[in-house]
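Given chain A's structure and the hints, the job is docking chain B onto it.
The listed protein sequences derive, respectively, from chains A and B.
Quick note on the numbering used here: the first sequence kicks off at 1 and runs consecutively.
Quick note on the numbering used here: the second sequence kicks off at 1 and runs consecutively.
One or more of the hints may lead you astray.
Each pair may be met inside one copy or between any two copies, as identical chains are not told apart.
As the list claims (entries may be wrong) - EDC-like cross-link-like pairs, simulated, lysine to aspartate or glutamate; straight-line CA separation at most 20 Å:
| no. | residue 1 | residue 2 |
| --- | --- | --- |
| 1 | K31 | E61 |
| 2 | K252 | E28 |
| 3 | K107 | E76 |
| 4 | K107 | D78 |
| 5 | K106 | D78 |
| 6 | K207 | E299 |
| 7 | K106 | E76 |
For the record, the hints were derived by calculation from the structure and aren't laboratory data.
Only a predicted model underlies this, so the values are computations on that prediction, with no experimental measurement involved.
Single-letter residue listing:
There are 2 protein chains.
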Amino acid sequence: MDLPTRFDWQKLQQFCCDIFVKAGVADEKAKIVAESLIQADLRGVDSHGVVRTSIYMKRIEQSMIDPHAEVAIEKENDVSALLNGNNNFGSVVGSKALQLAITKAKKQGVAIVGVRGSNHFGTGAYYALKAIEQNMILVVMSNASQTMPPTGGVRPFIGTNPLAVGIPAGNHRPYLLDMATSVVARGKIIVASQKGESIPLGWAIDKEGNPTTDANEALEGSVLPLGGPKGYGISMFIDIFSGVLTGAGFGKYVNNMYENWEKPQNVGHFFIALDINRFMNIKQFKQRMDLYIDDIKAEPKANGVDEILIPGELEFRREIERKKNGILLPEKVVSELKEIGSRYGLEIEQSRFQGERAKDGVTDVSK
Amino acid sequence: MDLPTRFDWQKLQQFCCDIFVKAGVADEKAKIVAESLIQADLRGVDSHGVVRTSIYMKRIEQSMIDPHAEVAIEKENDVSALLNGNNNFGSVVGSKALQLAITKAKKQGVAIVGVRGSNHFGTGAYYALKAIEQNMILVVMSNASQTMPPTGGVRPFIGTNPLAVGIPAGNHRPYLLDMATSVVARGKIIVASQKGESIPLGWAIDKEGNPTTDANEALEGSVLPLGGPKGYGISMFIDIFSGVLTGAGFGKYVNNMYENWEKPQNVGHFFIALDINRFMNIKQFKQRMDLYIDDIKAEPKANGVDEILIPGELEFRREIERKKNGILLPEKVVSELKEIGSRYGLEIEQSRFQGERAKDGVTDVSK
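The shape of chain A in the complex, shown without the other chains (with noise of 0.2 Å):
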């Protein structure tokens, strides 16, 4: 049978989280992880979806991740905690950071929290936001295993550490970055060697560290850190905190999910949530943040630009159209989906998405 293609977003995460809890892991954590990768999905990074499912799953299967583990405080303070995710899922170790972080700061104004013996733990984005519902500023960062050389390097060392940082607004859908340390994601390279075309100066080097315009050429060799060095000095500062503050592994010490079958990942994030009105009150704050948004979006624009947009602002818009209209699955994921749940007893065809497509003009705005 032809499979659909598009999903109820609601339906898929419910058959994600009980496959999570058919492989045994606790029915709260296996419902975090299903709601970090549908929310990657509904935002449009899909790289970050449900499509990590199968890789998430044959490493538990791999005891490569331990779902039982528990996540142990190994230090704490009023504003500050250590913990330890014992190899647990990246988003169950994270969610008990983000938690003792807000509780911490909303008491004290400020506090940092440090990961180590976690893994890939999904968007930062996914952490941002549930602090943006608690009127918090959050910055949150994590290591990454190996894709990008130094500046003057030539195989990858450092990790695409990703930043995100998330702050409410008033009016405005809130300000939340969240970014991978690269020029661009290797999907975009991989879309290019696809096509035969050629990818522009500055997004990688070849396998001997020569600039290259060749895709191919780029696979075989590294995607650069945006920015030259300053991109490469951002990658080792999220590295520092992430990793070598932490005990967690940094560098080549942080283990390829993909590849490595021998060790957990040993990945480390690190966690600073601030209260806003240890400084304003936040109803004014908000008013300032919707002032300068303002100012931004009312600049005059380049050609051909409709819009000035902030950071994450495309996001929420996707989330709502994908929300409304199924999210779209290539035939590979849902394939693999399909199988992983055979095994497991579950249906992904259940999840399918069962309405028309919205006719109200609004369209999906990923590509």
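Quick look at chain B alone, frame taken from chain A:
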């Protein structure tokens, strides 16, 4: 007479300090401002060095900086503070904020200090280095007047808001990132224009917002944020932390130091200080930092690359070289300093570098 172009760093620092004192600045504050300027020259960040003496003096003389203002603590608890610089020198205000942040972080583990009512505060590295000396990690940011468009915009809206991060190491030099959030310093475009050379695509847009490789068109347009939307996002959160949250100016409400003679700048800064010991014994942390740096420096190098550098490493070397061989100042800067000196009965000539240039093979690595 031909003026000397190479100056002894200590004598030059004393000369600048004396100038500020003659203009009515209290000794201890004049020392801070002069130290901040000379340190920038020593580190090769000439744009933030004694070249600024002239504009700082002009702003005092025009009552646009108030060197007698009290730096007031408006809000404070164990781990946070909000300062009002009341329009004193940026480096004076920033130094007080740093001191508060470090004192609190040593007691509690972490501290945040926001600042409003300040001026251009020199380099972020100035504060980060002082934190490193005390085995602390520092994140420091500042907003600035308008120089870059938002992504999709045409004209300057946000500043090249700088971000600095300082982290101690053991046997190696500390990690010290100090970066503007633009692709490149505007000075590099000026140089290209003077040489009649084109600039790489992506550095700047023309005044209509179109990408340009013409240096002259770029100078009439705007320099771009590093990494496109990512740099725009980073610059924006720096503006929000430093300006929106503190009550300082933000976006178009940060006044230009060179052009606005009606109002103080109302620059804002934000400091985050972390005590490493709350996470890990400082000795163990430094060993891990050394391992990290050793690993990076041992990576294979691209063709033509002699050495892989750590953020800040080049600047530490320049400092050694310039302390030994003097600071080379362009004729224009020397003339300005001479003119200011003559108004206050001070002679720049007495700061000339007297020694022979060292012949031990150390060369100026700043070019």
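Now for the hints, and whether the structure bears them out:
For the identical chains of this complex, K31 and E61 are intra-copy neighbours only, at 19 Å inside a copy versus 64 Å across copies, given an alpha-carbon limit of 20 Å. Taking CA atoms no more than 20 Å apart as the test, K252 paired with E28 passes in neither setting, with 33 Å inside one copy and 46 Å between copies. In this assembly of identical chains, the alpha carbons of K107 and E76 lie at most 20 Å apart whether taken from the same copy (14 Å) or from different copies (14 Å). In the homo-oligomer, the alpha carbons of K107 and D78 lie at most 20 Å apart both inside one protomer (8 Å) and across protomers (11 Å), since each shortest distance falls under that limit.
With identical chains, the CA atoms of K106 and D78 are at most 20 Å apart both within one copy (11 Å) and between copies (13 Å). In this assembly of identical chains, K207 and E299 lie within 20 Å of each other by CA distance solely across copies; the values are 13 Å between and 43 Å within a copy. Taking the closest pair of Cα atoms, K106 and E76 come within 20 Å of each other both inside a single copy (16 Å) and across two copies (15 Å).
The structure fails to meet hint 2 from the earlier list, while all remaining hints are met.
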